[in-house]
Amino acid sequence: MSSSAPRGGMLGRHHERGVLDQALADARTGRSRVVVLRGEPGVGKSTLVDHLAESASGFRTLRAVGVESEMELAFAGLHQLCMPLMGHIDCLPGPQRDALAVAFGLQSGGAPDRFMVGLAVLSILAEAAEERPLLCVVDDAQWLDRISAQSLAFVARRLLAERVVMAFAVRTPPLDSYNDLWTALPELEVRGLRDDEARTLLDSVVPGRLDERVRERIIAETRGNPLALLELTRGLSTAELAGGFGRPDARPLASQIEQNFVRRIGGLPDAAQRLLLAAAAEPVGDVPLLRRAAEQLHIGADAEGAAEESGLIEFGARVRFRHPLVRSAAYRVAHPGERRTVHRALAEATAPEFDADRRAWHRAHAAVEPDEAVADDLERSAGRAQARGGIAAAAAFLRRATELTPDAGRRGARALAAARASFEAGAPEVALELLAAAETHPLDRAQETALARLRAQIAFARRRGGEALPMLLEAAGRLEGVDGEQARETYLEAVGAAVFAGRLGGRLGLREVAEAALAAPRGPQPPRLADGLLDGLATWFAASRDEGVSLLKPVLLALRRRASHEDDVMRWLWVTWLVAGDMWDDETWLSLTDHAVRAARTIGALNVLPLALSYRAAVHVHAGEFDRASALINESGNLIEVTGNSPLGYAPLLLQAWRGEDPHAAELIEAGAREAATWGEGRAIGLAHYLLAVLHNGHGRHKEALVSAERGAEYEDLAVVGFSLMELVEAGALGEGVEAAATALRRLEEHAGTSGTEWALGVLARSRALLSDGRTADLLYQEAIERLKRSRVTVHLARTHLVYGEWLRRENRRGEAREHLRLAFDMLHGFGASAFAERARRGLGGLGESVRQNETDAYEALTAQEAHIARLAAIGKTNVEIGADLFISPRTVEWHLRKVFTKLDVDSRTRLRAALGHL
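Its first residue numbered 0, the sequence shown is counted upward by one per residue in numbering that gives the first Met the number 0.
Incorrect hints may appear among the rest.
What follows is a set of in silico ranges between Cβ atoms, one per label pair, in the way DEER data are often shown [stated by the list, open to error]:
no. : residue 1 : residue 2 : range
1   : His-334   : Arg-291   : 17 to 25 Å
2   : Pro-427   : Ala-355   : 25 to 33 Å
3   : Val-286   : Arg-27    : 33 to 41 Å
4   : Glu-815   : Thr-28    : 53 to 61 Å
5   : Pro-92    : Leu-846   : 55 to 63 Å
6   : Pro-520   : Glu-735   : 48 to 56 Å
I should point out that these hints are in silico values taken from the structure, not numbers from a laboratory.
Using N, Cα and C, we set each Cβ at its ideal position, and we do this for glycine too.
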């Protein structure tokens, strides 16, 4: 061995070992560390992971290994890693405790959200780390089941101040980019050994003379891969090693290593080969189970010894292969018939009362032809998986059940169920394939309509543009004679699709869809939320806005009062939010988002929470609470990164438009509109033009604002057109478009007048004032200020003080102008609306007044996350409550608060509350 080899026999790897040793050192001092070791098979990831575990003195070590055949079994990886910590489960908050217990099959209950399970894992790791530092090691993480991978990636992103190290060994290249959830975590690329280290390793395993040219060729071809250097030379003859007369192999390196394992397996006695196959097919590594299966297969006890002597496998407390490629080689080299025989034996050896799902899975792999009994077992397993929140596992069970169903009618029904599960599991392409398969089998009318609706929902989920619109409308019509309530829900989805399609909707516009919805059978009594929304929106777009608004007002009021109907709030948030915005209903905006965020946090509904956070951020923007908006935008973005859902661009761009600081804001907004147009989402075009109008008006570029606002108002986009008209009036009145502003005002009077909210009437009074003069203008500005004071939209109040002050200055009422411009500046600067604040500063400058900015530097030094946590602490929330709200651990909350206290120079929560009140 070279002198560079450490005591444990590892060659080189000084940098990698340094990174890992530093991670352990940081965790000992209370700073969490996460590292993803990424490299090709055999490059040494597992050896480094073993080094990490051996070096973790004083740590509690938890290990899990991803197994390819377990990728469809929900929570299998988490179960491996976390079961040793279940003694801490009673320390978790109730919802987290229940979610984890249901996921692990320890208690029955409704399907837990996978990210509530992730939060439970974060909490239990943090709790365990209070006793002593914790090392969590996951080898072959690319083969974890998707829910476990999502949950662990979620946890890894939220570790900060816990004494925890998480290490994931991941193979390159990734299986596919969609499933590679580790890309945003800190990576340590593991490459081959240096040439000198590779020579030392090669010399240590090759007996006798090695031709120098052969040595260099082997080193070059293996690229210093340690496993390749150790394994590939085993298959070379003395002549090949001495003179290089062997046949060059062009296969990929991993394939060559695996093929070498295949040769070694082939040299074992038949019984030992069969035992290796059984071990490869049994993913848990359960030695007693494997031995029971071996008895079924008539494998003698001596086979175990022969297999161990080969160095390919170990039989200890658990079965452990020398390398994952040994497992795959043992399985792939076997004849399909032999595999089925082994799976049959494993099924017989698995007790159904302890692991019915794995037994069903083995029976499925043992089946040669369709078998209803096996398909029925798989269907029951799918139900159990779905009850635990394992949608991906349920989809896998149902897909295999479909293949094994002999009856054509039942096969179609199961294919349809598998398609639904696959769609909910985030695999729309697989779902579409299953729908195509279902169509080839007999379906009854209800199944045909369910198929049509699911296909339309998939189209809408993938692209919120016009493609899904005709499909949803057709599905709704077909459902009328089958299920009236589902038909009405589908019509509501179709109206929503038409709203998003907007100006790009083609021949199927909002009116056509609304008329079809109005002609549908009436809904149940008392009406559901979906029925009230459908009746109101259909009347709005098919008859008149006034009539629609009158129908929707009681729906929104009831929605605010029925706080317990969280499923309705979360399911239809995307519709109700737009309706409330178009009706200038800031109270419903606040109530809807407050309830949706709280409900989604409570039950861990992270499919809804990012949208709820984004909408709540927009509420904070309009309220002038830009710091809170920024914190929620960041949180929403982090969750989207973890879940892999489509980004939500509205709230970040809204905040950028109002801030007016980013010189590239206009480019970003325009780019978002162009991208949305490619899939037919016309509403995004109108929204972009509204945001551009806000941006340009803030900078006083009224000519550009006028152009953007006119484009934003040229189509009746829900929750866009009214706001665009407001910007258009200001741009035209203060620029060179008075006639365009007057036309926009007439439309705004029709739009805002029917709402009756203080926000609507305040904006309307301000818009009228902009186009008036003398005493009339003065009274209208004052009316606007009084009305907006009674609303929650403080940025619009500040802008009213701004335009009123600018008008007073033009009227040469200098003292009054100074008062309103100073108030506007203080408010807008305090919000962070820099461009509008600069307009106010210029106005004051024109009056000969210099501006001293507020002493907010200390508060501005806080990050968005720190500001958010500070405010939650200031209102009395505990660290545990804050952690649950923000999906971080209490220890991380404490770490942030220490930084807040230092920056604000306070030493208690009471003083923190006072400090925040002053800033």
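ask   = So which of the earlier hints does this model not fit?
value = Failing hints: none at all.
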